Amino acid sequence: MASQIVRRVLARSSNHNSSLTRSLDRFFFSSSTTAAAATNGSITATLFPGDGIGPEIAESVKLVFKSAEVPIEWEEHYVGTEIDPRTQSFLTWESLESVRRNRVGLKGPMATPIGKGHRSLNLTLRKELNLYANVRPCYSLPGYKTRYDDVDLITIRENTEGEYSGLEHQVVRGVVESLKIITRQASLRVAEYAFHYAKTHGRERVSAIHKANIMQKTDGLFLKCCREVAEKYPEITYEEVIIDNCCMMLVKNPALFDVLVMPNLYGDIISDLCAGLIGGLGLTPSCNIGEGGIALAEAVHGSAPDIAGKNMANPTALLLSAVTMLRHLELHDKADQIQNAILTTIAEGKYRTIDIGGSSSTSDFTKALCDHL
Amino acid sequence: MYRRRLLPLLRHHLTQHYRSITYMPRPASATPRHVTLIPGDGIGPLVTSAVVSVFSALHAPIIFEPYEVHGTMPSVPRDVIESIRRNKVCIKGGLSTPVGGGVSSLNVAMRKELDLFASLVHCRNMEGLTTRHRGVDIVVVRENTEGEYAGLEHEVVPGVVESLKVITKFCSERIAKYAFEYAYLNNRKKVTAVHKANIMKLADGLFLESCREVAQNYPGIEYNEIIVDNCCMQLVSKPEQFDVMVTPNLYGNLVANTAAGIAGGTGLMPGGNVGPDYAIFEQGASAGNVGNEKIVEQKKANPVALLLSSAMMLRHLQFPSFADRLKTAVQRVIKEGKHYTKDLGGDSTTQDVVDAVIANLD
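The listed protein sequences derive, respectively, from chains A and B. Just remember that this note's numbering sits 638 ahead of the position in the first sequence, which is counted from 1. Just remember that this note's numbering sits 886 ahead of the position in the second sequence, which is counted from 1.
Derived by calculation from the structure, the hints in this document are not laboratory data. None of the values given here were measured: they were computed from a predicted structure.
Dumping the calculated DSBU-like pairs for lysine-lysine here, alpha-carbon to alpha-carbon at most 30 angstroms:
(1) Lys890(A) <-> Lys1076(B)
(2) Lys1124(B) <-> Lys948(A)
(3) Lys704(A) <-> Lys1005(A)
Given the sequences, and given the hints that come with them, work out the whole structure.
As C-alpha cells, then:
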C-alpha cells in the first residue's frame, strides 16, 4: 500500500515539475482569448444546463445575456444517458473537449445518477479538466436580509489534494487511516491564483487559513508556499489565521476578511459557512479554475427536482456565477451591468422568487432583470 | 461599610432567587479539595487569577496548587502531571503553541497523556448580551485524542508531505457513549453526529458506525447525522435545530468555535476536557485562549469563560451550591451590561469584571 502511494505521488510530482515552467505562462487567463474576442466579436462558451431546474435557469441566463448584448455564444451540452467509456461517466468526451477548446463554461446543477461503475460527474470534470481552485465570492445581497449585512469576501479553495485525496485503508479491524497530502506544487498554484485574483480585482488583503500549530509539516508547507508568493506581491497585505480563530471571527465580524486562501477541507467548510452567512447555496456563485486558464462557473445548489418545470426556480446563483465567468474573461463592464441589475431587482423587492420570500416566477424575475439593465 | 452589604442584600430580595434544593452531602465532604492550577501563557495568568480571587470571596473549599507551564517548554513537566494525577482535577489557562515551529502543542500532549478523551463546550446565549442569533443552546462533544491530531506527519519526497488521520473504533465508541450519556444525564433531547463520510468513507464511516450503534441503546434520544460543511451553514442560519453534537477531533474544533462565536464569543463559553480518571477545566472553545499582546498589556481579557468553567468544576467536585452562586453572580453581571470587556463591545478591564462578580455574589 505504501509503495503504491509513493509511486502515485512521485508520478504526479515529476510530471508537474517538468511542465511547471511551461504551464506557469499558461496558468492564468492569457491575452490570447481577449484578442480572439476583439477580432471575432464573440466568445464561445460551453453551457451545461444540467438537471431538474437547470434548463429553466440556463434559459434565464441566456435571455439576460442577450438583453445585455454580451458577446458570448453558447454551445450547449447535455449529460448523456449512457456511460461514455472514454470518460467513464455520463459526461461525453465531446463535452469535455468543448470546455477545453472554449476555455470557459457554465454549469447548472447536475444530479449524480446513483449506481456503480462510473465516476461522479463533478469528480470527472475536476480530474479531466484539472480544476485546481474553487473561487466563491460571497457578498451580502442588499434587499435580502440575513443576520449579516456587511459580508464581502472571496474564498479560494485548493481543489485537488489535501484531505480529499481519497486514500484510506483499514490497518487492522477497528483502526482506519486516512491520508492527507499537501504538495508544494499544488499549494504554490493555488496561492499564485489567489494573489493574482486579489491584484486583478483590487482586493487589499489575502489571508491564509491553516492549522499549522497542530499539523506542522502539512499546513506548514502550505503556509511556506503562500509566504513565498506573498513576497512577489508587496502591495497586498498577507496574514495567516488559524482556522478556529477564523471560524469565530467570521461569525462575529465577517467584514474583517477580504480574500481567503485555504487547503481543501478547510476550504470546503469555510466556503459553505460563508454561503450560509449571505443566505444559502441558492444565492452563491462559484467558479472553478483549471490549468491553462480554464474557468468553469457553476451553480452549487442542488437540482431541486420537486420544483423542476414549474417556473418557480431562482436563477440568481447561476446568474451570479455567469457574472464571475465574465469577470474572468475581463468583460468587467458587462459583468458590473448585470450584477447591478440583479442587486437592484432583489433590493427593490417587487420581483422576488419564492425561496427568498417573494411570489414571482422565474420568467417574471428574468424580465424584471432585463428591464433593469 | 454598610453599603457593601446592603446592595447585595437588596438585590437578593428584589430578584427572584429561590434557594436551590437541599443537597445532602456525605459527612466530611467539606474537606478542602486540592486543585492543580496552571496559569499558562498570554491572558492565562490574568483569567486564572480572576478565578482565584472569586473563589476566595466565595470561601469555596478549594486549595489551588499553582504550577508554571509555558507553551515553549519541550514537554509538560513531570511534577505537573503528578499533581494532576494526585488531585484528579485541574484548571488552566491557554498554552501558546508556536506555529510551524517543530514544537508540538502542549495542550494536545496533556490531553493525550491523561487520556482526556472528551472535550466539551457549552455554547449558550447569555441574557443581556445581544447577539445576531437567539435560541442557541448547543453542547459540542469533541473527540480529543486521535483523528487529525495524531501528529503523524512525514515528508515523502521534497515538496510532498503526508499527514495521517487515524480513526479507531475504540475511541469513536467511547466518545459516542459519552455524548449520549451526557444527553441522558442532562435531559437533552437530540444528538447530532458531524462527519464528512461522503468523502472520507472509511474513516468517518467508522465514526458514524460507532455513533449509530450507541444510539440504539438510547431510544429516547433523537439521533441524526449531518455533513460538516452543511453543519456550519446551518449553524449560521438556523442554530436552534442543534442540541448536543458529537464530532471527531478536527471538525469538533471548527464546530465548537463557530457555535461559540454565534452564541456570543469564545470569551464566554465554559468547557473542559474529561477522561476516565481526570478532568481539566479551561476556556471552552480554543480560539483566543491565549489572546494577543494588546489585551495582555491593557489587562482587558474576558474572565467569564474561565469563571463559568470553574463553576462547572465546582459541580464536578460536588459543591453544587457554590457552583450555583458563582454562576448566578456571573449571569447577573452579564445581564446588567455595565462591565463588558473588549470582545463583548465594552471597555472594562478584567479586574472590573471580577469586582462586579464579587459584588454580585450572595
